[in-house]
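**Q** Could you put together the complete structure from these sequences and hints?
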Amino acid sequence: MNVLVDNFAMFREGFVGTVRLTALASLLALVLGTIIAGFRVSPVPALRVFGVTWVTLLRNTPLVLLFFVVTLGLPALGLRGWDEDWLAILALGCYTSAFICEAVRSGINTVPVGQAEAARSVGMTFTQTLGQIVLPQAVRTAIPPVGSLLIALTKNSAIASGFNVTELGSVQKTLNMDAGYNIYVIFFWIALCYLIITFTISGLFRLLENRLAVAR
Amino acid sequence: MTEVVVTKDKDSAPAADALVVLENVNKHFGPLHVLQDIDLTIARGEVVVVIGPSGSGKSTLCRTINRLETIDSGVIRIDGKPLPAEGRDLARLRAEVGMVFQSFNLFAHKTVLQNVALGQVKVRKVPRREAEEKARQLLDRVGVGNQADKYPAQLSGGQQQRVAIARALAMDPKVMLFDEPTSALDPEMINEVLEVMQQLARDGMTMVVVTHEMGFARSAANRVLFMADGRIVEQATPEQFFTAPKSDRAKDFLSKILHH
Ligand SMILES: Nc1ncnc2c1ncn2[C@@H]1O[C@H](COP(=O)(O)OP(=O)(O)O)[C@@H](O)[C@H]1O
Ligand SMILES: [Mg+2]
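Going down the list, the sequences are from chains D and V. The first sequence begins at 65 in my numbering and counts up by one. The second sequence begins at 76 in my numbering and counts up by one.
Be careful, since some hints might not be right.
[Claimed, not checked] As a list, the in silico SDA-like pairs of lysine to any residue whose alpha-carbon atoms are at most 20 Å apart:
no.	chain 1	residue 1	chain 2	residue 2
1	V	185	D	273
2	V	185	D	174
3	V	185	D	179
4	V	185	D	226
5	V	225	D	276
6	V	225	D	179
[Said to hold, decoys possible] Chain V stretches covered by chain D per the calculated footprint, using a threshold of three residues with CB under 8 Å from any CB of chain D:
no.	stretch
7	166 to 174
8	232 to 246
[As the list claims (entries may be wrong)] Pulled from the structure, derived: some chain V residues nowhere near chain D, Cβ distances all over 12 Å:
no.	residue
9	103
10	111
11	130
12	154
13	161
14	202
15	261
16	264
17	294
18	318
19	321
20	330
Note that these hints are calculated values from the structure, not bench results. The structure displayed is predicted, hence computed values, not measured ones. Just so you know, even glycine gets a beta-carbon here, dropped at the ideal spot from N, CA and C.
**A** Given below as structure tokens:
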């Protein structure tokens, strides 16, 4: 009768899978993206080159292709024992980190140079200057674009179902027309599940934005 | 002004007491030769005022001394040691060279107290409580002790600049660099900052001050450097310089800043 009630366990599993994939890949993307942004503004030329290469490569590779590279290429290169879940998190996190890096970097660029100069004059190292002075002030500007990027990541996670990862996309693969279901109803419920996740993310980021606007 | 240490050229300065030494320093910004063969020795405890037309390289000179600007050739030594290249050693050295900027540059997301305590905690690894104790003393000393818990944006320009001086002093610097510290201030706030600087000079701090405040130069400086087009054109005691400048450039410049 009702697809959702009849297949609740499957929906729940898919939902949890997408949430897990999104959360872990977001975490990886945020950490990596911030580090790479640090590389890109670092005084060490080798780190800057690495940062530019990372961003250029990942930002310009289609995500599906990246999934193939990670799920097929890495094991072939000798990375064994990683299951598809973790490989998908790796692919999605690295891909999004390139975009996060650029959002963070644009935030960094809005912080007046004088702030970093003052920090360096006091004797702070590059890492301290970045971590104590520049990034905390860059966050304010970076938050809205980072929120959008994480929402995009949520939806991009659907690609993982093509690589044997259980998430919302795989629900749709199982409950198709052949199984005698109305495909539009399935789409509706899946879309609703994504909405729950993406609305949560935008809510969270709006909250963060307001909190930071109040401080000072 | 009886015990003024006047160092007219680097040879007459007692070498043992030379704190900041620049030898044959050159610096370009692209095709622009901003610092040309700069030779300068600043003795411990000396107060040097740098004066000159806009664009003559005063800020650049100041900023090379703590390596916010790199130089193309020449040597800069602080307390006998050449400026290290980028890295931890440079950071350590910068902690010993206080810098006060025209635009204050207080950390906007930190309170006044945190601004003064942060360097001690992060760079000198002083326990936070101790650092805050010292920060409060310094804030009292520059007359803004009652503003400790505010954010920089809530303070007047004069107050912000005094906090910036306290922030630099918190690192116990050997020398303090001031790049036009009162140029961004409303006239009624200039004196409160100059008074703090004068007190600092009286306490024996070695200071390099880029400023056009002649009152300060006369009362606090041991020596005035006049810069034009990237060169030190003339140096003399404030008295000599302001009453009888030798070079035409200096005469011309002084007539412009005196008559308006
Ligand atoms: N970062 C920079 N890049 C290029 N040119 C610069 C830079 N900083 C300063 N200049 C130029 O160098 C010259 C000297 O500048 P500055 O030292 O700020 O002079 P002053 O402080 O005496 O006004 C000016 O012509 C200025 O335009
Ligand atoms: Mg200047």
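**Q** Of the hints stated earlier, which fail here?
**A** Per hint list: 4 and 13 violated.
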